[in-house]
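**Q** Chain Z is fixed; fit chains R, H and P onto it per the hints.
Chains as they are written, first to last, in this note's numbering: chain Z, 1 to 346; chain R, 1001 to 1346; chain H, 2001 to 2346; chain P, 3001 to 3346.
Hints should not be assumed to be uniformly reliable.
Said to hold, decoys possible - Result set (BS3-like, lysine-lysine): computed pairs, CA atoms no more than 25 Å apart in a straight line:
id, chain 1, residue 1, chain 2, residue 2
1, H, Lys2266, Z, Lys266
2, Z, Lys247, Z, Lys137
3, P, Lys3247, R, Lys1266
4, Z, Lys137, H, Lys2135
5, P, Lys3137, P, Lys3266
6, H, Lys2247, H, Lys2137
7, R, Lys1137, P, Lys3266
8, Z, Lys135, Z, Lys266
9, R, Lys1137, R, Lys1266
10, Z, Lys266, H, Lys2247
11, R, Lys1266, Z, Lys137
12, Z, Lys266, H, Lys2135
13, H, Lys2247, P, Lys3137
14, H, Lys2135, H, Lys2247
15, R, Lys1266, R, Lys1135
Hints are computed from structural coordinates only; laboratory data are not their basis.
Protein chains: 4
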Amino acid sequence: MRLNIALLGAGFIGKVHAENLAQNPSVGFAGIYDLDEASARAVAEQHGVPLLGSLEGALNDDSIDAVFITTPPDTHPTLILRAAQAGKAVFCEKPVGTNLDEVDALLQSLADIDRPVQIGFNRRFDSHHRALAEKLKGGAIGRLEQVTITSRDPHPPPVAYMRNTPGGIFYDSMIHDFDMARWLLDEEPIEVYAVASSLIGEELNPDRDPDTAMATLRTASGKMCAIQMSRRAVYGYDQRLEVFGEKGMLQSGNVQVHNVRHYGAKIIGEEVLLNFFTDRYRQSYVQELESFLLAVLHDHPVEVTIWDGRQSLALSLAALRSATEGVPVQLNYPHAPRQTHRDRLQ
Amino acid sequence: MRLNIALLGAGFIGKVHAENLAQNPSVGFAGIYDLDEASARAVAEQHGVPLLGSLEGALNDDSIDAVFITTPPDTHPTLILRAAQAGKAVFCEKPVGTNLDEVDALLQSLADIDRPVQIGFNRRFDSHHRALAEKLKGGAIGRLEQVTITSRDPHPPPVAYMRNTPGGIFYDSMIHDFDMARWLLDEEPIEVYAVASSLIGEELNPDRDPDTAMATLRTASGKMCAIQMSRRAVYGYDQRLEVFGEKGMLQSGNVQVHNVRHYGAKIIGEEVLLNFFTDRYRQSYVQELESFLLAVLHDHPVEVTIWDGRQSLALSLAALRSATEGVPVQLNYPHAPRQTHRDRLQ
Amino acid sequence: MRLNIALLGAGFIGKVHAENLAQNPSVGFAGIYDLDEASARAVAEQHGVPLLGSLEGALNDDSIDAVFITTPPDTHPTLILRAAQAGKAVFCEKPVGTNLDEVDALLQSLADIDRPVQIGFNRRFDSHHRALAEKLKGGAIGRLEQVTITSRDPHPPPVAYMRNTPGGIFYDSMIHDFDMARWLLDEEPIEVYAVASSLIGEELNPDRDPDTAMATLRTASGKMCAIQMSRRAVYGYDQRLEVFGEKGMLQSGNVQVHNVRHYGAKIIGEEVLLNFFTDRYRQSYVQELESFLLAVLHDHPVEVTIWDGRQSLALSLAALRSATEGVPVQLNYPHAPRQTHRDRLQ
Amino acid sequence: MRLNIALLGAGFIGKVHAENLAQNPSVGFAGIYDLDEASARAVAEQHGVPLLGSLEGALNDDSIDAVFITTPPDTHPTLILRAAQAGKAVFCEKPVGTNLDEVDALLQSLADIDRPVQIGFNRRFDSHHRALAEKLKGGAIGRLEQVTITSRDPHPPPVAYMRNTPGGIFYDSMIHDFDMARWLLDEEPIEVYAVASSLIGEELNPDRDPDTAMATLRTASGKMCAIQMSRRAVYGYDQRLEVFGEKGMLQSGNVQVHNVRHYGAKIIGEEVLLNFFTDRYRQSYVQELESFLLAVLHDHPVEVTIWDGRQSLALSLAALRSATEGVPVQLNYPHAPRQTHRDRLQ
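If we strip away everything but chain Z, and leave its shape as in the complex, we get:
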């Protein structure tokens, strides 16, 4: 059984997915589309797949079973809806959108369309984090009480990127950690409190956009979660999870390039951490695709739903408001999800 998938979007993350689509034996890589035709052509040539002339054409092509959406975030809700209406299964990179009303409208529009839609929170598919989650959900530490997430990038994004996404540390970056938090808490946070500072320095962050942040989440049953985030860690990509409960604690630690230890005259040293997400989380994108194939070809539940995408976005925007106004922000849920937290781990 093979799934024919077209890729919409030939940007940085689009290329990451293109690589995996090209190598997966259960995927027919049906073509690539991007408004920027030169970018799309480069991907098409690299992988020997068709250059798709138009979005309309791709959506109307019955030989295409599914689309991967890796276009800019504000286009996501419209594209998801059009693709689902055209009968395609949909994978859409995070975030599901940039505006909560639009996403809520999308949820309503999709209510009657029975197509699988998966949102791209790849970290759930990292083997280390996933082993932690499986042990947690298997009862290894009993009732969960506290979650601690450390998430520091090796270096900030380009200045132009930061300029276009003010406060992006919350809705571009920490949104991943909010998804991790919800995944582990297994209960919706009802309040978020966040602080943010601009500490990295003029050279890397001339506009003094927030680059260092912390957030605290609370659930109705009293579980709590702390997130520590920075856009610059000189020792590499710092990605750690810790869950604490009545019967113990689990930690998913950092990953190093190799495990060689050097005992010298002044220091016992190890390699610094893997540099960034394309290294550290390379395999997670491969597994994410496998999960999508299971959902579409084998009728498994979608592991990361639009509701998951909606909630992470809601938390991001609430955190940004909290950090701006200096108050905790409550979350409320006008549109109850039909199904939350569906994943194979439960």
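**A** Quick look at chains R, H and P alone, frame taken from chain Z:
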């Protein structure tokens, strides 16, 4: 050079200090006083030192150079003042008091009395944490940006104790972590936000006093600190510090009973952590006494001042209010300290 | 540039190589041959490649550039020679043979045939061990003095296999460690001393073949190497290297399935080790193939030469004799190699 | 109950014991004797204990219950015998002597004298190694099969010392590891094979005495032990034990000054190891004294007997001969011990 020290208070922590006073070759252990004469007599006999008949007598005895105050917290301000007025050098267990106004009054009263007064935040003298602080202050990670403190007790205090100190998780326990935070931040926090839950269960915490908490601190320059606290960790006394800055990160990890690793058929295992503060921090009390001797006998600056005690108390009370009211609480400083953060590390 | 490679041998290790040949974009997988036609056919069908009818045919087929030899060890010298004489580049699984005279004859026969021949000591291509070797050869610990190799299999081979290869712990298993030793020592051992015992128990080793062994190597300049080997480690595949020298020490540690740590009430635990070489060293086979492609297509020096294969075999046989006779055994080299220790790391 | 102990020998190791004798509340430190009166006087004054005028006087003094012998090794057998004949309990530093015949004669002479005699192999009392031994003897890894001991000093002894003890790496240094090996194997080695080189360099070892060595031990039941030794490790005092058996493996790792980890831009680093035995094994000397007090005051079996001392010496001398002659050396036991391996752990 020897310092004659009388101990006021023969409770649990008084006995810890008695042990160290008895063994330190620079200390003349001049006697023990407690309202509960039987307790005092037991300590006196164990260490072969005089049982002091009255507080008055002890303070008026010119052969006594200094006092160690380990009486109940609400008596601390009065006793510190009386001892200092009697010309004694003073060591007082944490907290410096329970009421901020009383402590501020004490600070004013002491303004004209030039006697060393040290508050008992022993964790500053732990060799691991201290090595971290020395590296931090030596510039190992450049400008500090984030502090993360994990602080979990192996088990909650007795029910009766918790009943008498509602919300004590903040002003009895987390007060240590606030002191750690100020020590590491090297700048006064201007805001605290805290959440607390009662999760441990009826058996150990029948009154459902908060037993699980998190706090976030912010300084004027934008540094931030996260504290994770629980009154029950089945794997032992969990005490970790992490400081993150422009040039890297330092971690002071947990301490295990021994370093033996067991590779079995199902698991690679190590011993759980040292059980509680009298094990984990045993040496820190010895070093704390050494620091007091340096201050009194050799004129070093006092390492942990009344101002330090005042500020940790202020943060504790603010955190309790924040957790209760659900808002961040600002700190303000009516009585500017004459000298803050005096310590040998600077 | 693509290399057309035929695979000779469809046994266990042949299938491992088949997988990698099929997936490497620079390889044309030209077909598979095995005396056991059914086995060959299964591999051919799995990867959609031709079933080769005869060895002769394969060697005479000009469209085939190279062969991978994964037939039984005693056939290796003959097949290597025939393939090289037919003008093929050759990769041959370890060991290069089972009889030293045959291998020496092969070396002489190949003296005038200028075809690349690589022997399959895959561990040299493991990323962890290789990082250690690169640091070592880059001077990280100055002059090397001691090497320690720990090498324990999770479980012994099948009884029938052990019955057919008495003393195989040395020439089947420890031969890998002798290759590691020579690679790291960068100097030929001149003496080997070995001890061996049968300790595992009747159930897994009914013939009481040696299953537990240690060996010590010595070089002319005084470097020394210790090897610890067992055919059964309940905690998984134990594969460690340690090199010690004038300026420090390097260790290449074990590799775990994931890095999750569990803090429980009785133990702090981690996952046991990866189970065996097809897991632990999976990537090393991929890199080994890359190295062969570099040698054949890009004229790099062969990383693991016939001389390397000859010397590991010589050490294995000497160790077996040492363990049997209870004396150290000297190594001498009648046929000086034209080129030793050629590898990119030097 | 208090034991009056006189110390015979005011050299380096004598001072280490003097410190512990002075601080132990169950010891009456009865005085110090040394041929070099100035050295003895310095120790006497430091601890406020009597300077003993003559050996004869000390041995005839009925108020002295026991002696600690820390004189040069060749005087040990004579002094042990005279002290035991005078009715004293005896603690004697390692080695028990330098000549096997003298030690065997001593064993025979002591056969009829029922006084406790303990030999100073302090490493058995290190808390980490002891925890490993307790787990081993408690069955944690089932039947023992392999022991690996790594033992590297931070720097060689002074040139003059090495000149006076040629081959001392075996009988001065590795004798500790032979004792560890026997303690863990719980069975007498029947053969030792050793290699030694002079690699450290002219500056620290101008006479080119062996400074780097390995040894392999074998027992009758087939257990085996590997020892790796160097007189110079730039990263500190490297002291590790590993025991491997049918049900797993135990490791007693190195001990660091503190547990702070530094994540920098180039390396993740930890402190180098504790510098030498007076740091690393400080507590083991205190516990060794406690064990002696248990034996003498409370009739526990002596933990490290003369037989233990005899056997470690025998192994040392056999290893030296093996390294010199290039052959394995068998051990045989003309004088069967009355009691071997007596220790509380069994």
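**Q** With a cut-off of 25 Å on the C-alpha distance, tell me whether Lys1137 (chain R) and Lys3266 (chain P) pass.
**A** Answer holds: Lys1137 (chain R) to Lys3266 (chain P) is near 20 Å, not above 25 Å.
**Q** Do the alpha carbons of Lys266 (chain Z) and Lys2247 (chain H) lie within 25 Å of each other, as the hint requires?
**A** Distance of about 10 Å is within 25 Å: holds.
**Q** Given the hinted pair Lys135 (chain Z) and Lys266 (chain Z), is their Cα-Cα distance within 25 Å?
**A** Violated, because 39 Å separates the two Cα atoms, which is more than 25 Å.
**Q** Given the proposed pairing of Lys1137 (chain R) with Lys1266 (chain R), does the C-alpha separation stay at or below 25 Å?
**A** violated (43 Å)
**Q** Is the Cα-Cα distance between Lys2247 (chain H) and Lys3137 (chain P) 25 Å or less?
**A** Roughly 37 Å separates the two Cα atoms, so the pair is violated.
**Q** Within a Cα-Cα threshold of 25 Å, do Lys2135 (chain H) and Lys2247 (chain H) meet the stated pairing?
**A** holds (12 Å)
**Q** Straight-line Cα separation of Lys3137 (chain P) and Lys3266 (chain P) no greater than 25 Å?
**A** The hint is violated at about 43 Å.
**Q** Mind checking the alpha carbons of Lys3247 (chain P) and Lys1266 (chain R) for me, to see if they're no more than 25 Å apart?
**A** Cα-Cα ~10 Å, so holds.
**Q** What's the verdict on Lys137 (chain Z) and Lys2135 (chain H), does the C-alpha distance respect the 25 Å limit or exceed it?
**A** violated (42 Å)
**Q** Take the C-alpha atoms of Lys247 (chain Z) and Lys137 (chain Z), compute the straight-line distance between them, and say whether it is at most 25 Å.
**A** holds (13 Å)
**Q** Measure nothing beyond the straight line between the CA atoms of Lys1266 (chain R) and Lys1135 (chain R); if it is 25 Å or shorter, mark the hint as holding.
**A** violated (39 Å)
**Q** Is Lys1266 (chain R) within 25 Å of Lys137 (chain Z), Cα to Cα?
**A** Given that 25 Å is the threshold and the Cα spacing comes to 19 Å, the pair holds.
Taken one by one, the earlier hints fail for this structure at numbers 1, 4, 5, 8, 9, 13, 15, listed in ascending order.
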